[in-house]
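A.B. asks: First to last, the protein sequences are chains L and Z. Using the working numbering, the final residue of the first sequence is 287, and nothing's skipped along the way. Using the working numbering, the final residue of the second sequence is 1330, and nothing's skipped along the way.
FYI, nobody ran anything at the bench for these hints, they're computed from the structure. From the three backbone atoms N, C-alpha and C, an ideal C-beta is built for every residue, glycine too. Among the hints, a few may not be true.
The following label-pair restraints were derived from C-beta to C-beta distances [said to hold, decoys possible]: (1) Z:Val1047 x L:Asp148: 56 to 64 Å; (2) L:His241 x Z:Glu1322: 43 to 51 Å; (3) Z:Glu1114 x L:Ser68: 43 to 51 Å; (4) L:Asp280 x Z:Arg1121: 45 to 53 Å; (5) L:Gly69 x Z:Phe1111: 31 to 39 Å.
If you want the building blocks of each chain, they are given just below.
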Amino acid sequence: MVSDTHLITRPSVTVHAPAAVTTSGAAFADTSVMRLRDVSVHYGNYEAVRRTSMPIQRNQVTAMIGPSGCGKSTVLRTLNRMNDSIPGARVSGDVLFHGQDLYARHVDPTQVRRRIGMVFQKPNPFPKSIYDNVAYGLRINGVKGRLDEHVEAALTQAALWDEVKDKLRTSALALSGGQQQRLCIARTIAVKPEVILMDEPCSALDPIATAKIEELIFELTHDYTIVIVTHNMQQAARVSHHTAFFTAEVDERQERHGRLVEFSPTDQLFTNPADKRTEDYITGRFG
Amino acid sequence: MTLTNPSPAAEVAVRRRGHGALGDRVFSWWTLGTGLLVLAILGLILVTTVREAWPAFDAMGPRFVTERVWDPNPATGDAIFGALSFAYGTAVSSLIALLFAVPVSVGIALFLTELAPRRLRGPAVTVIDLLAAVPSVVFGLWGILVVAPALVPVYQWTHDVFGGVPLLGRLVGPVGSGRTFMTAGLILAIMITPIITSITREVFGTVPRADKDAALALGATRWEMIRGAVLPHSFGGIVGAVMLGLGRAMGETIAVALVIGGATNITANLFAPGNSMAAVIVQQFGESTGTFTAALIGLGVVLFAMTVLINVFARVVVRRAEARMKGGVA
């Protein structure tokens, strides 16, 4: 197998990683692309997330659920170093991507984000044309020529091509919310990441647009690994293979910390949760 | 149809809501009043200056703006009042100012909003704002006593090196004193940098976190993020800031009067002395009478008209750009 060590520092984006080998003792089949090991996140002196460990399985959807303030979005943002831009944010423990720590000193965060893309809560297309939105990531990654093909492929894969092919040069801001979110997904997959992180991608959308995105998420697992944070338990149950349940705990010093309570295959977590707190949450007794 | 012809009861309900809030009405009249006041003052300025300038407009006709000669006291014949040379000086010195000030200001603003460590931001902003507090006469004196003499060798060198280049060589012609279009432009650049910086800084501050995150999540470096997310979002605001700076540069009087050289001159040579409309007014108003005074006020009218035109033009540019970004059809 090809050495994984310099995957992140290599500037190419087209490379798809070889079969992953992680070193940690795996409770799951060894198909994990990423793995969190004892990850804690601090904002200044405040510990927002405490000692989280979980794998992210290849070509599957991993959902993170839990009440507000449980740290699930924070954990998501550690996976591609989006917390870097928040002053005072600090990550300890290992965030492994193909066995390599993303927070190691020589790792370039921009290269991490080219391999691990992100879709946000509110659709956030740039105030540019539909075409330029999708092409943006390609251009900054130095893709020259055949831009049209790449753009079409990304829009097709995001199930948006038929709706926008006649108005590629019009403003992305004129699209509906659901279309904007699919455009953001197209923009993300245009640079061919391995992993796509989604931070409550449907929370600003109506039920029909939500259904389309969920269908799309399912389609995308053919080529991508997806991690999704959602407030909506039904959504987690519908789209994900594995679910991580987080909650906020108050410690002896009266400080709240996000903690991972349970990580299981989704059907098991929703039908036969191992932890009492998970059961209380999914049956609606709190949160 | 109830929609087009509401029942009397509905009408009463609507009226009562309209009359109910006294505070709203007071507020509405107050804001309308202040808005109209601004327009009234503008109108009054325009009317009275045109009236005061009328003898000169009447004597010169359209030549007032097309004539380059300005001779209030000719040895023979009638006085000639042509604003063209001074309009040229105003335009050239202001453009030079923008050329230098805009890149510097935008750079400072980007540095302060995107790059500078938090604890450096406050002091840096204070220092730049202090620059705006320096009285313009101080800039003028500094310009004439320090900057102008110091720039002579620089101008000379530039002329020696680039003077032979086609086209460019005409801009860097023979050097006289240091009091030139270029010196005026440079002093103006320093004077308008604070206002452009502070407004663009505010504008950059309004770029949504979401837009920046979108770029970063695609693997953009900081500069790529600025180009892809910050600058497109800020275009209208930057143009607005530049317009305010331009307005200040065009209207600047005493600093320009001191360093521009005081010659009635239209030349491509930026190292030659010239004069601007505002500078001429302040230099000559004290010794003017009759039609001469009217002509100086006429310069003011022309300056006023130029600023208004430029602002309208900028509005159109910004509106077009924003329509392309936000509207349906590009």
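A.B. asks: Taking 45 to 53 Å as the hint, is the beta-carbon distance of aspartate 280 (chain L) and arginine 1121 (chain Z) inside that range?
C.D. replies: holds, 46 Å
A.B. asks: Does the Cβ-Cβ separation between glutamate 1114 (chain Z) and serine 68 (chain L) fall within 43 to 51 Å?
C.D. replies: violated, 30 Å
A.B. asks: Using the C-beta atoms of histidine 241 (chain L) and glutamate 1322 (chain Z), is the stated range 43 to 51 Å upheld?
C.D. replies: holds, 44 Å
A.B. asks: For the hint 31 to 39 Å, verify it against the beta carbon of glycine 69 (chain L) and that of phenylalanine 1111 (chain Z).
C.D. replies: holds, 35 Å
A.B. asks: May I ask you to test the hint 56 to 64 Å on the CB atoms belonging to valine 1047 (chain Z) and aspartate 148 (chain L)?
C.D. replies: holds, 58 Å
Hint 3 from the list above is the single one not met by this structure.
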